[in-house]
Structures are given as structure tokens and as C-alpha cells.
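Student: Turn these sequences into a full structure, and let the hints guide you.
For reference, the chains in residue letters:
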Amino acid sequence: MEPAAAPGDARYGVPAAQWLRLEARRVRQPLRRAALLTALAAPAMVGQAWLLSAVLYEAVFARAPLSRLWLPWFGLLALAALRFALSIGARRSALLAAQSLAQSLRARLLRSAQRLGPYGLRREASGDLITRLVDGIDAVLGYFARYLPQVAGAALIPPILVLSVFPADWISGLVLLLTAPLIPLFMVLAGSAAARASERRYAQLTRLGASFMEALGGLVTLRQLGAARRVAQRLEGEGEEYRALTMKVLRIAFLSALVLEFFATVGIAVVAVLIGFRLMWGELTLRAGLFVLLLAPEIYSPLRSLGALRHTRMDALAAAQQLSALEDIPPAVGATAAGVARAPLAAAPEIRIERLGYAYRDRGAGLSECSFTLRAKRVTALVGATGAGKSTLLNLLLGFAAPDSGHILIDGADLATFDLAHWRAGVAWVPQQSHIFEGTVRENLQLADPGANAGALRRAAERSGLAAVLARLPKGWETQLGERGVGLSGGELQRLALARALLRESAKVWLLDEPTAHLDAEGARAVETVIRAAAATRTVLLVAHRLSAAHLADWVIVLGDGRVIEQGAPLELARSRGAYNALLEAAR
Amino acid sequence: MHKPLLPPVVRRLLTVLRPYRAWMAGGAALALLAALAAIGLMALSGWFIAAMALAGAAGAAIDYFTPAAAIRAFAILRSGGRYAERLVTHEATLRGLAGLRSWLFQRLIPLAPARLSALRSGELFARLRADIDALEHFYLAVLVPAAVALVSVAAGLLVALIVLPAAAVPLLLGALSAGVLLPAWMQRRAAHDAAQAVREAAELRGSLLDALRGHAELLAWGGVEAQAARIDALATRLDARRTRTERLQAVTAGAAGLCGQLTLLAVLVPGLAAVHRGALTPTLLVMVSLLVLSVFEVIAPLSEALPQWHATLVAGTRVFELADTPPAFLEPEICAPLPPAPAIVFERACLRYAEDAPWALDGVDLTLSPGARVAVVGASGAGKSSLLAALLKFHPLQKGRVLFGGQPLEALQGDTLRRHIAVIAQHTVLFNLSLRDNLVLGAPDADAAQIERAVTLARLDRFVASLPDGYDTLLGEGGGLVSGGEARRICIARALLQDAPVLVLDEPTEGLDTRTARELYVELEVAARNRTVLLITHRLSGLAHLVEEVVVMHAGRIAARVPVSDYLARERAA
Numbered sequence: 001m002e003p004a005a006a007p008g009d010a011r012y013g014v015p016a017a018q019w020l021r022l023e024a025r026r027v028r029q030p031l032r033r034a035a036l037l038t039a040l041a042a043p044a045m046v047g048q049a050w051l052l053s054a055v056l057y058e059a060v061f062a063r064a065p066l067s068r069l070w071l072p073w074f075g076l077l078a079l080a081a082l083r084f085a086l087s088i089g090a091r092r093s094a095l096l097a098a099q100s101l102a103q104s105l106r107a108r109l110l111r112s113a114q115r116l117g118p119y120g121l122r123r124e125a126s127g128d129l130i131t132r133l134v135d136g137i138d139a140v141l142g143y144f145a146r147y148l149p150q151v152a153g154a155a156l157i158p159p160i161l162v163l164s165v166f167p168a169d170w171i172s173g174l175v176l177l178l179t180a181p182l183i184p185l186f187m188v189l190a191g192s193a194a195a196r197a198s199e200r201r202y203a204q205l206t207r208l209g210a211s212f213m214e215a216l217g218g219l220v221t222l223r224q225l226g227a228a229r230r231v232a233q234r235l236e237g238e239g240e241e242y243r244a245l246t247m248k249v250l251r252i253a254f255l256s257a258l259v260l261e262f263f264a265t266v267g268i269a270v271v272a273v274l275i276g277f278r279l280m281w282g283e284l285t286l287r288a289g290l291f292v293l294l295l296a297p298e299i300y301s302p303l304r305s306l307g308a309l310r311h312t313r314m315d316a317l318a319a320a321q322q323l324s325a326l327e328d329i330p331p332a333v334g335a336t337a338a339g340v341a342r343a344p345l346a347a348a349p350e351i352r353i354e355r356l357g358y359a360y361r362d363r364g365a366g367l368s369e370c371s372f373t374l375r376a377k378r379v380t381a382l383v384g385a386t387g388a389g390k391s392t393l394l395n396l397l398l399g400f401a402a403p404d405s406g407h408i409l410i411d412g413a414d415l416a417t418f419d420l421a422h423w424r425a426g427v428a429w430v431p432q433q434s435h436i437f438e439g440t441v442r443e444n445l446q447l448a449d450p451g452a453n454a455g456a457l458r459r460a461a462e463r464s465g466l467a468a469v470l471a472r473l474p475k476g477w478e479t480q481l482g483e484r485g486v487g488l489s490g491g492e493l494q495r496l497a498l499a500r501a502l503l504r505e506s507a508k509v510w511l512l513d514e515p516t517a518h519l520d521a522e523g524a525r526a527v528e529t530v531i532r533a534a535a536a537t538r539t540v541l542l543v544a545h546r547l548s549a550a551h552l553a554d555w556v557i558v559l560g561d562g563r564v565i566e567q568g569a570p571l572e573l574a575r576s577r578g579a580y581n582a583l584l585e586a587a588r
Numbered sequence: 001m002h003k004p005l006l007p008p009v010v011r012r013l014l015t016v017l018r019p020y021r022a023w024m025a026g027g028a029a030l031a032l033l034a035a036l037a038a039i040g041l042m043a044l045s046g047w048f049i050a051a052m053a054l055a056g057a058a059g060a061a062i063d064y065f066t067p068a069a070a071i072r073a074f075a076i077l078r079s080g081g082r083y084a085e086r087l088v089t090h091e092a093t094l095r096g097l098a099g100l101r102s103w104l105f106q107r108l109i110p111l112a113p114a115r116l117s118a119l120r121s122g123e124l125f126a127r128l129r130a131d132i133d134a135l136e137h138f139y140l141a142v143l144v145p146a147a148v149a150l151v152s153v154a155a156g157l158l159v160a161l162i163v164l165p166a167a168a169v170p171l172l173l174g175a176l177s178a179g180v181l182l183p184a185w186m187q188r189r190a191a192h193d194a195a196q197a198v199r200e201a202a203e204l205r206g207s208l209l210d211a212l213r214g215h216a217e218l219l220a221w222g223g224v225e226a227q228a229a230r231i232d233a234l235a236t237r238l239d240a241r242r243t244r245t246e247r248l249q250a251v252t253a254g255a256a257g258l259c260g261q262l263t264l265l266a267v268l269v270p271g272l273a274a275v276h277r278g279a280l281t282p283t284l285l286v287m288v289s290l291l292v293l294s295v296f297e298v299i300a301p302l303s304e305a306l307p308q309w310h311a312t313l314v315a316g317t318r319v320f321e322l323a324d325t326p327p328a329f330l331e332p333e334i335c336a337p338l339p340p341a342p343a344i345v346f347e348r349a350c351l352r353y354a355e356d357a358p359w360a361l362d363g364v365d366l367t368l369s370p371g372a373r374v375a376v377v378g379a380s381g382a383g384k385s386s387l388l389a390a391l392l393k394f395h396p397l398q399k400g401r402v403l404f405g406g407q408p409l410e411a412l413q414g415d416t417l418r419r420h421i422a423v424i425a426q427h428t429v430l431f432n433l434s435l436r437d438n439l440v441l442g443a444p445d446a447d448a449a450q451i452e453r454a455v456t457l458a459r460l461d462r463f464v465a466s467l468p469d470g471y472d473t474l475l476g477e478g479g480g481l482v483s484g485g486e487a488r489r490i491c492i493a494r495a496l497l498q499d500a501p502v503l504v505l506d507e508p509t510e511g512l513d514t515r516t517a518r519e520l521y522v523e524l525e526v527a528a529r530n531r532t533v534l535l536i537t538h539r540l541s542g543l544a545h546l547v548e549e550v551v552v553m554h555a556g557r558i559a560a561r562v563p564v565s566d567y568l569a570r571e572r573a574a
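If you read the protein sequences in the order shown, they are chains X and P. Quick note on the working numbering: the first sequence kicks off at 1 and runs consecutively. Quick note on the working numbering: the second sequence kicks off at 1 and runs consecutively.
Simulated from the structure, these hints should not be mistaken for laboratory data.
A few chain P residues that face chain X, going by a derived Cβ cut-off under 8 Å, partial list only:
#1 A68
#2 S79
#3 L116
#4 G381
#5 R418
So the derived label-pair ranges between C-beta atoms look like this:
#6 Q106/P with R21/X: 41 to 51 Å
#7 R247/P with R458/X: 41 to 51 Å
#8 K377/X with V522/P: 36 to 46 Å
#9 Q196/P with L178/X: 49 to 59 Å
#10 A61/P with P43/X: 36 to 46 Å
#11 F277/X with P8/P: 53 to 63 Å
#12 W103/P with P43/X: 51 to 61 Å
#13 E525/P with R375/X: 42 to 52 Å
#14 L172/P with A107/X: 46 to 56 Å
#15 H427/P with E238/X: 17 to 27 Å
Glycine is no exception: its CB is placed at the ideal position from the N, C-alpha and C atoms.
Tutor: Following this line, the structure appears as C-alpha cells:
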């Protein structure tokens, strides 16, 4: 996967913006309602200005008492309430749109991410994926809930207001008509360069923040090396350098804001002075003049608010870039086309691997023409150098991927015809590095059998050696594990994984990936005893990256470059001068 | 004792930002200038056109030059002031941000790792990041709008008191409601949801992480749908909370506008009466009306500032609490002298991580004379890592002591001590610096020839040649662009450059596949040459050639110390 493009990067922009537009289409209805409610505020503003100018006109020229002005006074009150209601309504609609979008996005993106497949996901730094899924969606949410309605406001309100000025005073109308559209125009002219600059600045700020947090995260290593203070100085220097550079950019970037402010302010000033003189010359009524003056700032206000939300848009674009990349993940190679067969499995099925072939998209062959048999009630060990195809074979057996050619026959029935959930229900799997789920020890174990009772849990814990781990944990079975709980060491994890396998008593097949890797000699021997016992009623496949684990097997299969290069009983193989012997020698 | 105006957290933050107070005050002053100019522009314009209309109707003469010039001046002050304000406030923000980060970093250095649990948990670390973020936004998002609103309202009140005293009360009430009372009410209403939302967001993050990282387990054991349902339920709950909060915010934001209109209507009542009585010049009523409306333009941003203010308080409390944590060690003023080849002695060393935790080291006696090559083996939890933490002066002992070069660790400065100990570990971190900078982290004075030599010895030369920018290539965040084996080699070269008399190897080949691990054995041997070697591992296989003796640890105690050949023989027999 490519590193995510920084905001301001040339690649980002069009596709991300397009993606956001496409997403917006999914919630067109509530977004339109939000835009309509926002735009409805404009007539209300006109009404307010009209009534207020009437009241003030009466006060100035007729010194009218309040008793004569109650009607416009209450009119103003009603319009204030109406605007309040409209603003809440608009925001609610936009929020509704954003949230329904967020929910469907989350589900959709999770599915796309899972398309990477179990092993692809592990390779990806999934911390980064999570950041994209959670923070990215939040950033996009802000865009729909706040930025888009403001865009609608900036597009709809000023024209309505300018048009309504014309009947009162066409000269002011002309001034406003000329200055207001100039603002976006000038902003585009002064802004395109400035926007790029400010996007770059934003990216740099993010990078600076990242290197600060990185230094903080690696503080232990820095202290070990005695480099913490030096890095602190470096960070300070970088910050200073960045500040000088940024300020140079900002002086230009803020020019677009200056243009906006200048036009908005000068527009009001020109209108006020022009109106003043024409009032004196008697060319205009005070009422019309006040009306225009009251509306003038409202014309520029939506545009200014939009400028303030620019960061929301930039955040959303950066997020959209990453989210759309997530959607582009192709389905895993040979995505499993599952069958429907749910025939019951024999107590210890014989598994025949027939001329199995599997190729990875991005690296060399995984397996080719690989054939062997896992015999019932036997422990078969799979050995071979890294890349020989051991993990690939395990993946295919678990149905995480489908073979390109050849078959896996379970007591003669092709695995491809099986309902995978049904097949997996009969399998117990001990991976090399188990994932710990957020939850208690009990919940983590019950993944293998949600209905398991206390007795079954205890038995599994005792036989796997997890009981010793539990004794150490502050709350025993109820100890919270995972990110926010207690961490387990590699050896403890393996015991947990083994306990899971033991808990699933109905399992007919055990697939073990280096189950003793993190254990000391004593622990490893205990686990081997459990495996031997399990094999009495099951079919057991043991992948051994370290050869020492292979000696407990009844049969050893040596893989090399995706095919079987030797097989036999471990002691015989060790005595012969073949591949297994060579591997043993190399390990010494 | 009177109650201080500002909460201690804010005063503390302002103290840290003190060196930048000129910039900060300047930015706030410019913001105020621009805001006052905007208010003045509207108020004066209103008065001006009313006065001109009256003069025109009466055929009277009027000095229009002065107000017209003032209107132009206000216009220029406002647009120019806004530009200057933005420049200066950003300058202040950037300076403050750099200052805050550097201050915090300096404070956190002595806390790692014993007192900095945030470094071990992704979630705590993310929270620290968000907290720092909140503190960095304090000036722009809270301080400036609050100061501007406060002074603007005061100025508005002053004008009202002079022109139409009866208008002061509604103005004050309206401003208080829109700027303080309503946001505070919202804050209180939303507080529960906000706290819950933080917790649930973390939970959602965790569940998503489980769904992705644990996807294989979920597939194998059959829990994909259950996990998806859990995520959906969590997200729905979280979204509902956020909706409630956002709705409250919408009400508060809308209410600021409503308050402005209501205040205007309330001002009109005595204003119209005063004009009718002849107690108030009508043109001034126009001015006051427009003044009220434009003052509320300045108050409106406060509805966003108050939540930020609370975020600052919460974040600041946590950050300062962390920054004020006393370090695990008080470093001595001067460092005791060290011999060129120091011995390491643990004397009845006892260590535990919490009062109620079991002993991680339970009376360890261990001597490593200069040049000794010792492996410490044992299952996880046997105390191997604690041994290292004690030696590096990262964790204090509760009982017993450690001598390094004949000196108790208390007499040595941690940095000096650690300069004498090079570490090659599974968890050594690479930084997004250039390769060269990563290599010389522990030896900043190393010259090109020394670097070249270390790289050759660590067999990194071909890797360096393959890099697009050679030594200047950036390694990516967390060294992400480097493979596991190369990362370990970089650590070896780093240790070689540090040239310390003691070398600690902490699971040096863990996490690497067998082939890569085997390829490292030679380089590790090179690194170990002529040094005291302490190898920490749960399994000796493959690394036995690096040591002469093996210490077996069990439950925080030393179970045996035997020559490596005896240990291997015993292993083989078992």
C-alpha cells in the first residue's frame, strides 16, 4: 500500500473532492433540506431589516411613541424566533445527513478493510487503519454537518439579499452587486496560490506534530541512548525553522482574507457614505437607507463564515483521500468461493493435499504441485525454511484463501464444496501470535465456545497451563485484557491460544502454528504432552519454524519452495542425509 | 484570601507561555482593535445616515467631513487590523506551541519509562496527544475571543451608559446570556454525554482494532458477525450521544443570534420612549441600535470558546499532573567517576512495580565482572526485563542495590551510566530521521569514517548502497520503511558507534524469522567483542556462542548460574 499522500500533495484534490461529492449524493435529501432552511433565513433577514428600518424611521422623523410601533416590534420578535428555529432546523438536517452517512460509511469501510484478508490485515499497520476509520470518518462528518450547509448559505443568501436591496435603492444594490461577487473572484485569484500555501503549511504542521509525538513515543529508546536532550533541542530548532517559514507563507496566504475583509468593510463604508449624501440631497428616504445599511453586513457574513471553516474542508479532503484509498483495496487473492456442504466430519478425518498450487500476487509462488496426507490420529509436522509454503498451507486449510489449483480432500470430500463456517467449527487453531480481544480472560477464551461453562473453562485452563497465568493476574478470570487492560507475554498468549483449542472439545482437526515458540523448555514439554493427548482422537498438523518442535510428530513433511521435498518419521529423517538433516545441521 | 480569577490550570499554562506574552498580548490587542473598528463602523454609519437625512429634510448645514472620514478610517482599521491580527496571533500561536512542546518534552524526559505509563498504551498516548492539542489551541480558540468579547461588551456598555443608560441593563443581560450563561448551561447539559462519548469512542476504536487485527481469529473461531454487531451497537450509541451534544450546540449557537435580536428589542422600548419624550436625540437611537447588533457579532464566537475552555481545563489538569510527577530518581549533582571497564553487581535487589504487585525481582544477587559474558534465561515474567530496568536506572529498587563500576547507581547520573551501556533490543525504536541521524543518536560526535566502519561491521553497507539518498534517506515514521532485519542491524551499528564497555542484548533476534535471525549471529558476535555482555532471552538456542555463562531466573530469583556448556548439555538431556 502506498504511503498516504499529505494534504497539499499534487495527487490529492480531485479524487478526494470527487469522493466527497459522491458521498454527498447518498444523503441528498437531508442536505437539500438543510440548504433550503439555510436559504430561508435570507427572507427573514430582509423582513427584519425592513421592520427595524421602519421603527427607526418613525422614531427619527416622527418621534413616534412605542405605542404606535407595537406591530413592527412584535413582527421583529416573531422573525427573531423564526430565524432561531430555521438555524436549528438547518443544523439538525445537516447533522442527520452526516450521521447516517457516517454509519453506513463505517460499515462499508470495515468490510473493505477486511477484504485485505486476515494476513493482509496483520501486515498493514492496523493502527493506521483504525485512525482512518475512526478519525477519518469524524473529519468527514464535520464536512457534511458544518461545511456543506455553510457553502449553501454562502451561495444562496448573498444573492437573495442583494436582489432585495434593488427595489429600495438601486445604486447601493449596484455597489453591492459589484463588490459581493468580486469577493469569491478575488479570493480565487489571490487564494489559489494562498490556498496551496496554506495547505502546505497545514501538512507541515501535521508533520511537525507527528515528529514531536514520535519522539515522545520513543522516549525510552532516546534515554537509553542518552539522546533525549539533543532531540529536544532538535525539535525546538525544527519548530523555530518551521515558524519562520510558515510566517513567510502566511503573509501571502492571509492576503486572500485581507481582500475579503477589505471588500466587506469598504462595501459597507461606501454604501453608508453614499447613502448619507443622497439622503442629504433628498434623493432617498431614510427608511430605504437604513434598510440597505442593515442588510449590507449580512451579505458578507456567510462568505466570511465559510472562510473560517476552511480547515474543516482541508481535514475532510485529507481524510477522504485515505478513506477512498481504503475502498480501493482489491479483494484478497482467490477470495474464498465457499460451498454449502455441511456433512458431519468424522472424529479424526484424513486430510489429503492433492497437487495444491497457490501463487501470491506480489511475491513468488506460495505452493506448487504440493501433495501429502495428514493421517487420522497422528501428529504431522510441517518444516522448511522461511517462504517454503508452511503458512500458506495453513491459510488454505483454514479457508482464508482458496487454492489456485489442486484440492484439499477431507475424508475424500473437497474442502471447496464445504460451508466454511461449518468446516471451521470442526477446527481448532493455535496461531503463532494470537490476537487478544478487548474483554476479560473469560471472554477471550469463550471465543472458541461461547456457551462453555465454568467447569469446561477451568479444565481447559489447567491443561493448557493458563491456570498458572490466571493465578498471577489481579482479578483472575475477570481480568481485563487488551489495549486498556493487562498485557500478556508471548508465552502466556500461547497458553491462552492452546486453552481455546482445548475448550473446543468438538474439534476434529488441530492446526498448530509453532505452539511452543515463546515457551521455556519446561513449558514446551508440558504443551507437547497436551498435543500428544489431543492426537489420540484427532488429526493434528503442527507447523514448526523451529525444528525442535518437530520431534514429537509421528510424521515429518519437509517443504521447499512450495513442494514436498522429503517426508518420513522424524528419527529416520534425522539419520538419513536428506533435507531434514541439513536443516537440523543448519540450526545447530 | 480571595478566590483567584483564573483556575490554577490556566494560570499554569499562562506561566509556561509567559515568554511569548508580548506576542500574545499584541495579537489580542489587534483583534480587539479590529473588532472595535467593526462596531464603530456600523454604529457611526447608522448615526451618520440618520443625521444626514435629518439635515437634508431640515435643509440645515452639517459637518459631514469628520464622520465620513471617521467611517473611512474605521473601515481601513478594520480590514488592516484583521490582517495584522491574523499574522500576529499566528506568530504567537506558533511560538507558544513550540515553547509548550519543548517545555513538556523536557519535563517528560526524566519520567520515562517508570512514571510514563502513556508510553505503553496506545490509548493513553492518543489522549496525551489530544490533550496537548487542546492546550495548543487555548490562545486562539479561547483567550483571544474571550478578551475581545469582554472589552467590546464593556465598550458597548460604556457608550450605552453615556447615551441611554436604560439600554445598559438589557445589553449586559443579553451579552451575559449569549456569551456565558447559555454556553455554560449547554456545557453542563452535555457534560455527561461528553464524558461517556470519550469512553465509548475508545471502546469503538478498540472493537474496530479487534475486528481488523483479530480478523483471522474471528474467522477461525466464528465471531465475525458478532463483532460487527458489537461495533454497530457501539457506533449507534456513540452517534446518539454526539447527536444530543450537537443539537445542544446548535441551540446555543442559534440562541446567540436570538439574544442579539431580543436585546435590540429590549433596548428599543426605553429608547423609543426617550426619543418621544425628547430626552434622547433620535440619531443616537439609530446608533445604539446598530451598536447592539454589532456587539453581538463579537459575542457569537463565545459559544464555541466555552467548550474549548473546559477542554483546556481537563486537558491541562492531566498534562500538568503528568509533568509534575516526581521522577523515579533524583539525579546527583555530580556523577561519581567510572572505571573504563566497570563491573556490575546486584546486591539483594528487590523490585516491584506497585505496592500490591508481586516482586519482579526478589532478592537478586548477581555479579558480572568486567569482560564477563552472561546470558540470563527464564520464562516470561521471571524477572529478566526488570533486571535490565534496574541496571539502566529506569526503575528504582525497593530493597537492595546495584553497583556499577563500584559505585551505587544513586551516585551516578543516569545519562552517564547509560552512556556506558549499549542496548540492542527487540523493541528498540527507529525514528523518522535520516539513516545517519538514527545511527549517531547514541554517539553524536561520530565522524564519517567511524560511521562507515560500524555500518560495514553490521553488514549494512549493501543496504546503504541500495537507498536512494544513502545516509540521508529518511527512515519513515517509526522506521516504517525498513524491514525487521535491517532495523536490527541499524541497532547493532548504533550500538557499535556508542562503543560502550557493557553491551546488553535484550531478545536481540526475537520477532525475526529463523533465516534472518541466523544471519545476525555473526554481527552480534562482532558487537559483543571486548565488552561485558549481558544477554537476556527466554531461549538460548542460536545465541549460545555469545556467552560463557548462563544465569537461570525463576520468579524473580536466580535459580542457577552455570557454564554455558553445562547448560546446553542439561537442556539436551532433558
